[in-house]
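Go ahead and model the full structure; you've got the sequences and the hints to work with.
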Amino acid sequence: MEIKEFTQIITIFEQSSLSEMEITSETFSIHLKKPTTNELKELPKIIKTEEKKDDKPKKSTKTITSPIVGTFYRTPSPDSPPYVEVGKPIRTGDVVCTIEAMKLMNQMEAEFDCEIVAVLADQGSLVEFGQPLFEVLPL
Amino acid sequence: MEIKEFTQIITIFEQSSLSEMEITSETFSIHLKKPTTNELKELPKIIKTEEKKDDKPKKSTKTITSPIVGTFYRTPSPDSPPYVEVGKPIRTGDVVCTIEAMKLMNQMEAEFDCEIVAVLADQGSLVEFGQPLFEVLPL
Amino acid sequence: MIRSLLIANRGEIAVRIIRTCQDMGIRTVAVYSQADAGSLHTKMADSAVCIGPHPSHESYLNMKNIITAAYATRCDAIHPGVGFLAENPLFAEEVERAGLIFIGPEPKTMRLVGDKVRSRHSALEAGIPVTPGSMEPVSNSEEGAKLAQQIGYPIILKAAAGGGGRGMRIVHTPKELPQALTIASQEALSFFSDGTIHMEKYVVNPKHIEIQLLADGQGKVIHLGERDCSVQKNHQKLIEESPSPYFNVAMRKQMETDAVRLFTKIGYRGAGTIEFLVKDENYWFMEVNARVQVEHPVTELVSLSDIIRQQILIASGKELNLPNPVPRYGHALECRINATKVGTVTKFSPPLGPAVRIDTHLFQGAKVSPYYDALVAKIIVHTPDRQQSIATMVRALRELVIEGIETNVESQIKILLSEPFQSGIFGTDLYAQIYDDPKKR
Amino acid sequence: MIRSLLIANRGEIAVRIIRTCQDMGIRTVAVYSQADAGSLHTKMADSAVCIGPHPSHESYLNMKNIITAAYATRCDAIHPGVGFLAENPLFAEEVERAGLIFIGPEPKTMRLVGDKVRSRHSALEAGIPVTPGSMEPVSNSEEGAKLAQQIGYPIILKAAAGGGGRGMRIVHTPKELPQALTIASQEALSFFSDGTIHMEKYVVNPKHIEIQLLADGQGKVIHLGERDCSVQKNHQKLIEESPSPYFNVAMRKQMETDAVRLFTKIGYRGAGTIEFLVKDENYWFMEVNARVQVEHPVTELVSLSDIIRQQILIASGKELNLPNPVPRYGHALECRINATKVGTVTKFSPPLGPAVRIDTHLFQGAKVSPYYDALVAKIIVHTPDRQQSIATMVRALRELVIEGIETNVESQIKILLSEPFQSGIFGTDLYAQIYDDPKKR
Chain A
0 MEIKEFTQII
10 TIFEQSSLSE
20 MEITSETFSI
30 HLKKPTTNEL
40 KELPKIIKTE
50 EKKDDKPKKS
60 TKTITSPIVG
70 TFYRTPSPDS
80 PPYVEVGKPI
90 RTGDVVCTIE
100 AMKLMNQMEA
110 EFDCEIVAVL
120 ADQGSLVEFG
130 QPLFEVLPL
Chain B
0 MEIKEFTQII
10 TIFEQSSLSE
20 MEITSETFSI
30 HLKKPTTNEL
40 KELPKIIKTE
50 EKKDDKPKKS
60 TKTITSPIVG
70 TFYRTPSPDS
80 PPYVEVGKPI
90 RTGDVVCTIE
100 AMKLMNQMEA
110 EFDCEIVAVL
120 ADQGSLVEFG
130 QPLFEVLPL
Chain C
0 MIRSLLIANR
10 GEIAVRIIRT
20 CQDMGIRTVA
30 VYSQADAGSL
40 HTKMADSAVC
50 IGPHPSHESY
60 LNMKNIITAA
70 YATRCDAIHP
80 GVGFLAENPL
90 FAEEVERAGL
100 IFIGPEPKTM
110 RLVGDKVRSR
120 HSALEAGIPV
130 TPGSMEPVSN
140 SEEGAKLAQQ
150 IGYPIILKAA
160 AGGGGRGMRI
170 VHTPKELPQA
180 LTIASQEALS
190 FFSDGTIHME
200 KYVVNPKHIE
210 IQLLADGQGK
220 VIHLGERDCS
230 VQKNHQKLIE
240 ESPSPYFNVA
250 MRKQMETDAV
260 RLFTKIGYRG
270 AGTIEFLVKD
280 ENYWFMEVNA
290 RVQVEHPVTE
300 LVSLSDIIRQ
310 QILIASGKEL
320 NLPNPVPRYG
330 HALECRINAT
340 KVGTVTKFSP
350 PLGPAVRIDT
360 HLFQGAKVSP
370 YYDALVAKII
380 VHTPDRQQSI
390 ATMVRALREL
400 VIEGIETNVE
410 SQIKILLSEP
420 FQSGIFGTDL
430 YAQIYDDPKK
440 R
Chain D
0 MIRSLLIANR
10 GEIAVRIIRT
20 CQDMGIRTVA
30 VYSQADAGSL
40 HTKMADSAVC
50 IGPHPSHESY
60 LNMKNIITAA
70 YATRCDAIHP
80 GVGFLAENPL
90 FAEEVERAGL
100 IFIGPEPKTM
110 RLVGDKVRSR
120 HSALEAGIPV
130 TPGSMEPVSN
140 SEEGAKLAQQ
150 IGYPIILKAA
160 AGGGGRGMRI
170 VHTPKELPQA
180 LTIASQEALS
190 FFSDGTIHME
200 KYVVNPKHIE
210 IQLLADGQGK
220 VIHLGERDCS
230 VQKNHQKLIE
240 ESPSPYFNVA
250 MRKQMETDAV
260 RLFTKIGYRG
270 AGTIEFLVKD
280 ENYWFMEVNA
290 RVQVEHPVTE
300 LVSLSDIIRQ
310 QILIASGKEL
320 NLPNPVPRYG
330 HALECRINAT
340 KVGTVTKFSP
350 PLGPAVRIDT
360 HLFQGAKVSP
370 YYDALVAKII
380 VHTPDRQQSI
390 ATMVRALREL
400 VIEGIETNVE
410 SQIKILLSEP
420 FQSGIFGTDL
430 YAQIYDDPKK
440 R
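Those sequence lines, one after another, are chains A, B, C and D.
For reference, each letter of the first sequence is one residue, going 0 to 138 in numbering that gives the first Met the number 0.
For reference, each letter of the second sequence is one residue, going 0 to 138 in numbering that gives the first Met the number 0.
For reference, each letter of the third sequence is one residue, going 0 to 440 in numbering that gives the first Met the number 0.
For reference, each letter of the fourth sequence is one residue, going 0 to 440 in numbering that gives the first Met the number 0.
Calculated directly from the structure, the hints in this document are not laboratory data.
Mixed in with the good hints there might be a few duds.
Stated by the list, open to error - The calculated DSS-like cross-link candidates involving lysine-lysine, where the alpha carbons are at most 25 Å apart (straight line), are:
| id | chain 1 | residue 1 | chain 2 | residue 2 |
| --- | --- | --- | --- | --- |
| 1 | D | K174 | D | K145 |
| 2 | B | K32 | D | K366 |
| 3 | D | K346 | B | K32 |
| 4 | D | K63 | A | K102 |
| 5 | D | K264 | D | K252 |
| 6 | D | K252 | D | K278 |
| 7 | C | K413 | D | K42 |
| 8 | C | K346 | D | K366 |
| 9 | D | K236 | D | K413 |
| 10 | B | K102 | C | K63 |
| 11 | D | K340 | A | K32 |
| 12 | D | K346 | C | K366 |
| 13 | C | K42 | B | K32 |
| 14 | C | K346 | D | K42 |
Owing to the predicted nature of the structure, the values given are computational and were not obtained by experimental measurement.
This is the structure in structure tokens:
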């Protein structure tokens, strides 16, 4: 069976009122299902660093997520420069940010050599457990 | 099996009153399902006589449905022969059955010349409004 | 003893009656028009019989098909619900003639209270104030003009045989009267096959208060307190509550006593309501509703009772077995959810949790057709006081999800949050007041 | 004044607390583990914060993340719900240290009543009967043997710091005792980080009765009557009701008075429950539950109150403003619906209509994960009497549709319809009796 035929099946399914479809044959098997009416909020990233999913072909970046709930700070103190800058390489063990929780400043360290591609959390904002903080490119 | 055939299967399923479908053969298996959160009872036939739907190509029969709620009788009295017999032709105006409602015997007459193909209601049973009573072949 | 019961109705009231039957171990038979095939009441009942096509007069008003269905499914009784045949004495008689129990008042009582002129006489005889107006039909326009002058404008013309706002005309000046009389009479004739008209003083922006009663027809008549049904749009009730927020205790007691006295006097049997108009320190008898009403759940909640159960028990010949007076607790509020655009319900998620009761025939996949009443759900809450009831009702309405059709939920929230509703000081003009309706009177 | 509140819990209790907050105009913040993303409480709250991965000790027991979330979302207070951190005095202290209000008793009260030995002393001092048993921890097996002989077998060993059936051992003969002591102590150590064990007379097949109390910490303590929670499976409650079907009035009054006296004596603040064992004409203090309980709705229905609202008002420093005694009406019954097989809910249709209340976090698409409590819904009914409540509960359970997971609905119906349950004469052995459980004691 060719891909064009699969596409046709999917299109048919898409346009139908069906909610689920499964086809198995000697040469192929297909199982289709539509999302339920009550879509769940998307699960935040579960693991601390993981492959960033993206449709476009791109350099393989990772995200650094928050391991705790707290307030996100990019700088050690209000008038200091940020710990890390976009485009600059950092080493394992370098501090990337602090997260304040119950008056304690928790310094977050890089777990591998990488370059910061983007900062994903706002200065002074609440970050949840598992919330992406940085998009990084492993070196 | 070709894509056209799958399409046909899906179309068939779509137009059917089925909620789920599974086909398994030597070369393929197919499983279809409709979003069946709350299945509605199938609407009874609305018009008094209408085309009988059937997949098999067949002579075009019609159904005679009940115009009232009542008790269905094929015979004028318990020991009489039925008004009509399967396979026998009848004429417009011939009595085909009586339906008893509030002690009154309502004689149902054929509205066109036809031949009884099947009797669809049971002797002495309650028939609803719109319930099929006879399958007939117009002559 | 009633062991099986046919419900000669549809929608939420049919569902509500079926639930009480299930609680009582009574087998149920639903009837439905072809437009209601697959409707919730047909699924919940033990069996269901199609009684006709969608027009009401061929199905839900088709006495012969309904009685035949009850007879053939070996039912002991028929509950007419609300509307359709519920106040039709002829139907009650036909049901009894077929050897079945009609769950409602006796036909002769229905005839008496169904006639506005006769019922006003009964009220007066029982010592209940009626609005100033004709105690006999208005026979011609000269007589009408004299009477109107006597009563004082504005006056209201009503069909003697009517109800529910149909055939009514409000007249503000003598000039309008002759034509209004002609039109009202014609409307009355076409709606109720009876052109008899009577005339009353039109009370501007009154409270609409009704007393719920139960009578066993064996001498015991009790009341379950009042309902305030003043929130109306074009004479259609939208929000009901018990107790009324604006009511002096002495007057309430007097109305309750009056209501019990009238039902005792006319030998009423079953559940029924007496509707009053209230303005300032005055109240006037308006009419008797000889059936259960849409808004009965607010009374059920404050009195911890089941009015449908009581109807069935009374129809079974049981004596009323409730404390007298029936104790009442807290405050209950009901919002009617009406469809404003029909269709198939693609998603339905009712509000749940504390203090909330839902009576509805909706479900995911339910078809809401244009042929019948627009009422699709009743949201009822019960809390210690009115302020909490309003807050809980708003919470519940915001939680309610109905997709695929359109409803009046937003409009109901707007009323609940409005200053006059919250203050409790309002009359039947509230809706027009909030929506600045030019038809406001 | 509490204007915003974080709910440090999940599931139906979080949803239930959010609803009362909505009624009170309080902004809500939900917390959730990654396994609960998309759960109903996260959708209903005004905002939601992920506090950790699925293991409870990293999320719902993670004090630091919860308090930080409350602090950062500018909450005034934290409601701990039921279970998790609800009875943890350390958490209450940390919450207060962060400048937030903990909705529950004072930490020192939680410490006192959380210790089985100390709470027995308090009960005795307040003149409340306790089961015969050790008033001090059992320090060694010789002492234990002597004590057991004195009390008379069967005896029960309990973790002093424990609760909820964990670390409990029933001993029928002297021979079993030494090993049972060792195992119980080890279990207590591993569950509660405290191996202290005490010994009591084991009462065979008692009634489990509890008194619901509210105390404002300003001298006012009132009770809301009792709940009968005797229907249990492995010490887990399945069905609760109020009033108890098997209760002499004088004894009930005595227990209520005892309960109020104990809470007054220990200066209790907030909502709490005193659990008793009842057998024949005797009753014994068992423990204090220093929190709202899963079965609180049955009390809410019979007393027309909102216990969560009262908790919030008390925590805000308000004096109790309820009639004393609180009037109670009719009979309420609750069935816990537990998942017996987890998964995604593909269809959910709750029972509606008269007399029914539903507390649940289910919806079509809800994920029921294996990580937490199996409770997915509470069906509660309120009618004039026990017989009607049972009938209505059966109706409601039959109407309930939950697809995609498996539940104990059928088993609950079987219990409701069983002869001993219907008679009202049964103890905690009822479940084993019906299911002919070989573990039946």
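Hints and how they fare:
1. D:K174 <-> D:K145: 13 Å, holds
2. B:K32 <-> D:K366: 21 Å, holds
3. D:K346 <-> B:K32: 15 Å, holds
4. D:K63 <-> A:K102: Holds - the C-alpha atoms of K102 of chain A and K63 of chain D are around 11 Å apart, at most 25 Å.
5. D:K264 <-> D:K252: 18 Å, holds
6. D:K252 <-> D:K278: 16 Å, holds
7. C:K413 <-> D:K42: 24 Å, holds
8. C:K346 <-> D:K366: 18 Å, holds
9. D:K236 <-> D:K413: Judged against 25 Å, a Cα distance of about 16 Å means the pair holds.
10. B:K102 <-> C:K63: Given that 25 Å is the threshold and the Cα spacing comes to 11 Å, the pair holds.
11. D:K340 <-> A:K32: Holds, at about 22 Å.
12. D:K346 <-> C:K366: 18 Å, holds
13. C:K42 <-> B:K32: 22 Å, holds
14. C:K346 <-> D:K42: 17 Å, holds
Checked against the numbered hints given earlier, the structure satisfies every one of them.
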